[in-house]
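*Asks:* Each chain is listed here by its residues.
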Amino acid sequence: MDFAQHLPALQVIVPLLAAPLIVLLQPRGFAWAATTATAFFSFAVSIAIAVRILAGDILRYEMGGWFAPIGIELRVDAFSAIVLLIISGAAAISLIAARNSINQQIEDHRQPLFFAAWLLAIAGLVGMVVTADAFNIFVFMEISSLAGYILIAGGPDRRTLPAVFKYLIIGTIGATFYLIGVGMIYMMTGTLNLEDMAQRVVGIEDQRPILVAAAFVFIGLALKAALFPLHVWLPNAYTHAPHMVTVFLAACGTKVAVYVLLRFQFSIFQSFGEHLLQFALFLMPLALLGIIVASLVAMFEGHLKRMLAFSSVAQIGYILMGASLMSDSGITASTLHMFNHALTKGALFLAVAKFATQYADLRIDSLKSAARSMPLTSFAFVIAGLSLIGVPGTAGFISKWQLIMAIMETGNMGFIMVAIVVISSLIAVGYIWRVIETLYAIPTDDLPDDAADVSVKPEKIDMLLIALIFTVAMNIYFGLVPGLPLTLAELSSKILLKVEF
Amino acid sequence: MKLFEFLGYYNYWVFAILLMIGFYAVIAKANLIKKLIGLSIFQSAVFLMYISMDKVEGGTAPIIKPGVVDQLYSNPLPQVLILTAIVVGVSTLALGLAIVVRIKERYGTIEENEILDAD
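Respectively, the protein sequence lines represent chains A and B. For the record, in the first sequence the residue sitting at position 376 is 376 according to the working numbering, with numbers rising by one throughout. Whatever position you read off the second sequence (first residue = 1), add 1000 for the working numbering.
Only chain B is shown next, with the shape it has when bound in the complex:
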């Protein structure tokens, strides 16, 4: 029973593991692009958490049609929220990459330790 519960939450385990992989990359990698990749994984993990929570067992797409009664629907709200969060994530990544381009222009490197040494 314990094992079943453990496996039953597998998408939340994936969420936690992805979150930590992303976090590790942000902290441990010196390359700025790799840091941004880590940041993206970190954010995507949260998208997975939101999408997991809206699933209602046996639920279908939440489209209301005349004549259909007693139908179980999945919760559409977290999906809408995460659509917004994805947009935010994309803008952050774009801005981050733009800054990395400027860093490369001014410092000639995108390795964090070399940038620190340059100043």
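Bound conformation, chain A alone:
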């Protein structure tokens, strides 16, 4: 057996085994290094998988040698590969940058446990993506969610605790809804393997249980994905979490739920009666409302992290709007936006984490003239902000352009949606500009000029800054050369729509 066939299993097993090892060995000061090494190994595995996928393979792995559909099968295709790249890339970059920020926010003796939770979160998220078993997805979802609650609860502020409690309640309700849906599908089809399920669902006469199951799965995963108006847990959880955890979760946490949602709605329920049309008609207004409302809230939000969190809710709206078009180009745009938004929001939150090393208070007003003391970070924030808006030359432009092209294909009604995308991009200009204006504001005269100059210390170059600049450079790179994510996204939409190629 060729080594490459074990890649999907390695992707899950390595972080899952490394987590208890870190707790057992309690290596002093070593926890961070070991976790980062594991995350980079995961990233390398994801890249190796992506290379195989681009060569035209679909990786299958029969767990324990039990063949599907009796055993649990791991299955990686282009759609999984791009999400794996997002997860392990986000984990690697946020962990390598995390050291100083985590030392500042988490006490030494809690760090091994904290990093173990981080590894479990990675294992859970990649597990949801590689597995081809509906119940297995539930188990991995709960592993990643429980670990995620622990990570968020690490925040130093006491307001973290009510935020994480709310997230725990809502997240558990979401997972339980998903479990009910899977149970109903199992009742009707007698299988948990996704591929097998897709084949058996077609022939079922009594459609009502499957439709109810589809609704349960949709609502459950929409809760996890923070689809408007089910996003209430997200802003507080992101705001009060440790800064580096926000980087990690904002880049990949909700996207994995979107991945499972699209897998179910398209791969399994696609040819099931009128279901897909109902799904799209239900999803589209919510996505559009989410884009507008969340952008407006971000516009009037005074806290930098919470503003970016609301912008994340709007971006989930873009991703799901692409999917609700049900077309090849729509799903391509949506998958591509998952990738690009992970890069953009990752970079923005890295900049926030860097600001936090010098500014205890992250309300926008208190960051006044920060560009004087932190020119590089401020500049990186500007570039990432442009990518969030969708300025040509950045990654954000490519996916918004794809989305607009996909909408135009739908005909006359499309102009309303294009208008909404344009308006919300303008709102994004508004809220990003507000931050930029504050960062580059000329210091007011309550400080004499020479005193201000004395207070300006050179910006400390550390791993965080390097990771930030790297991520921003990636935003530009994938804005100019979008080949890799675009190819994977196109393959994904063909897989989801079951177009033969």
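Please note: incorrect hints may appear among the correct ones.
Mimicking DSS-like on lysine-lysine, the simulated pairs with C-alpha atoms at most 25 angstroms apart in a straight line are [unchecked claim]:
hint, chain 1, residue 1, chain 2, residue 2
1, B, 1104, A, 166
2, B, 1029, A, 166
3, B, 1055, B, 1002
Simulated from the structure, these hints should not be mistaken for lab results.
Let chain A serve as the given structure and place chain B on it in line with the hints.
*Replies:* Same frame as chain A, but now just chain B:
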């Protein structure tokens, strides 16, 4: 006949009612411990649904013995699945309670409205 069908599905009715009782407690109660109790009832209802569906009329425990043929067995898979789901439920409850303990330490209360007022 209708009534018979209605009663025949009684364990699914219990599932639905328990689910709603739990859901109500999660939404309506301000006390965080009561919310967690509601969450537990909510999850247990789903366990009941899974366990109901594996029952095969006249079926026995699925243990294969040499010499026994034509025996009808209950479906063991949902039971195994729900064993896993119970573990997940217990961990969630434990983590939830741990967070409530921390909330009590930092805020001195576990009533949601008082916590909101405190910040």
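*Asks:* Decide, hint by hint, whether the structure agrees.
*Replies:* These are the hints, each one checked on the structure:
Pair hint residue 1104/B plus residue 166/A holds up; C-alpha atoms about 15 angstroms apart against a cutoff of 25 angstroms. Restraint check for residue 1029/B and residue 166/A: the C-alpha separation of about 13 angstroms stays at or below 25 angstroms, so the hint holds. Taking the CA atoms of residue 1055/B and residue 1002/B, the gap is about 22 angstroms. The hint holds against a cut of 25 angstroms.
Checked against the numbered hints listed earlier, the structure breaks none of them; every hint is satisfied.
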